[in-house]
Amino acid sequence: MEDRALPDTETPTAYSIPMAVLAELTHRCPLQCPYCSNPVEMEQASRELSTAEWQRVMGELAALGVLQIHFSGGEPLVRKDLVDLVAHADGVGLYTNLITSAVMLTEARVAALAEAGLAHVQISVQGATAAVADRVGGFRDGHAKKVQAAEWVRAAGLALTLNAVMHRQNLHQLPEIVDMAVAMGAQRLEVAHVQYYGWALKNRAALMPSVAQLDEATRVVEQAQARLSGVLAIDYVIPDYYAVRPKTCMGGWGRQFFNISPSGKVLPCHAAETITGLRFDSVREAPLAEIWHRSEALNRYRGTAWMKEPCRSCAHAEEDFGGCRCQAFALAGDAAATDPACALSPLHAQVFALADTEAATGGDRFLYRNFSGGVPEA
Amino acid sequence: MSRAVLIPDSRVSLARHARLRFDGLRGRWMLLVPEKVMTPDDICVEILQLCDGQASIASIAATLEAKYVAPPGVIAREVLDLLQDLSDRGFLTDRQVA
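Protein sequence lines, in the order shown, are assigned to chains W and B.
Quick note on full-length UniProt numbering: the first sequence kicks off at 1 and runs consecutively.
Quick note on full-length UniProt numbering: the second sequence kicks off at 1 and runs consecutively.
To be clear, the hints were calculated from the coordinates, so they are not data collected in a lab.
Treat the hints with care, as some may be off.
[Stated by the list, open to error] Chain W side only, calculated, beta carbon under 7 Å to chain B, not exhaustive:
1. M19
2. G65
3. L67
4. Y95
5. A119
6. H120
7. A159
8. T161
9. Q187
10. G230
11. V231
What you are looking at is a predicted structure, and each value in this text was computed from that prediction instead of being measured.
Just so you know, even glycine gets a beta-carbon here, dropped at the ideal spot from N, CA and C.
Please build the complete structure, drawing on both the sequences and the hints.
Set out below in structure tokens:
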């Protein structure tokens, strides 16, 4: 029934009308999470798109056929014009989602965002207790602020997703995180194992879970999914170093989704700038529709024509598009290689062993993110 | 918090965060939900358009029974199953429960 009535979005060829955009309004953030998905070289506030530039871009997004805009960062609440941006997005017909750490939310701001038409809020949590969460986020009293903010979000009648990024140093709290999501009245919980790009790649040895931890987490998630059916929807992202098949990263490079960086660069994903030698166009230089269709960087790995073996002749080529280009570049040194997360990659066994070793012998000290290359944990 | 179990007398409507829209560019209806876009089929769209928070699920089924031919009870069951599924995903507001 559910699949017949509500199939997920269909999958046409090389690329299509984009479905959603991740709008990274800023790289500024009060938290310093060691697995932050922002690039290690972050963009300064002075280069951020202005309110008027974002408003123009939102009109172009709607005209291009984009349906959803995810306001993200950094911390989007750092932007003083966030309520205006949400109202503008809603006005041009975009479904608006706020992805936030929530530590800067106030009751008044929640009310203003709801009034502006915000459809959904996703709050990140770093653990189930202040001791663990505040250490991971590198922000004192952050956890308590999140708990309070979640209450305001629900009281304002806004739907809430909790996003829990999981790794070796907080996985033991997963059952409590599930309970916390229910207690907060969240509709959804994303249990997302760290993906190793940017800051997370720098911190990989401190974050990588063991296979035993992963198996336990999977068991906890599956039990919770069964127990909480109809109460809390749980999405699960596994750490792909331990996977057999690679993830269908972004649903395929430049295919249905893209990011806009704080300064206006159009990226196929938040990690794409880690691939050296690609030039990304900016919404400051060209109309969005032109970038979507003609960007050299977006076109580079669209579809399957760029593939080498074993991807080229693989039966799964159009299912997973060879996995993640950024991970292929990071681990195989070639963005056109098979993602080493795939068992068919010649590097797969080596990557698995690397993860296994780091989980067992890696130190626990974090390198926190900041604007100057990171700060080691005291 | 517990699971909302829908009954024929439930009066449901789409939640604030589940938005049904006709997409002119793609020429089809889209159901926009948190971090996902769904493509409901024609009958699902018709059912959702009848979910105004006033009409009971039984009366929605009756409306469709007057329009489509099916063995007795089939339409009523399918409407309830579809709406229960959407409710379980958190996309509906039920007057009886809320």
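Verification of the hints:
no.: 1; hint: M19; in the structure: holds (5 Å)
no.: 2; hint: G65; in the structure: holds (4 Å)
no.: 3; hint: L67; in the structure: holds (5 Å)
no.: 4; hint: Y95; in the structure: holds (4 Å)
no.: 5; hint: A119; in the structure: holds (5 Å)
no.: 6; hint: H120; in the structure: holds (4 Å)
no.: 7; hint: A159; in the structure: holds (4 Å)
no.: 8; hint: T161; in the structure: holds (6 Å)
no.: 9; hint: Q187; in the structure: holds (4 Å)
no.: 10; hint: G230; in the structure: holds (3 Å)
no.: 11; hint: V231; in the structure: holds (5 Å)
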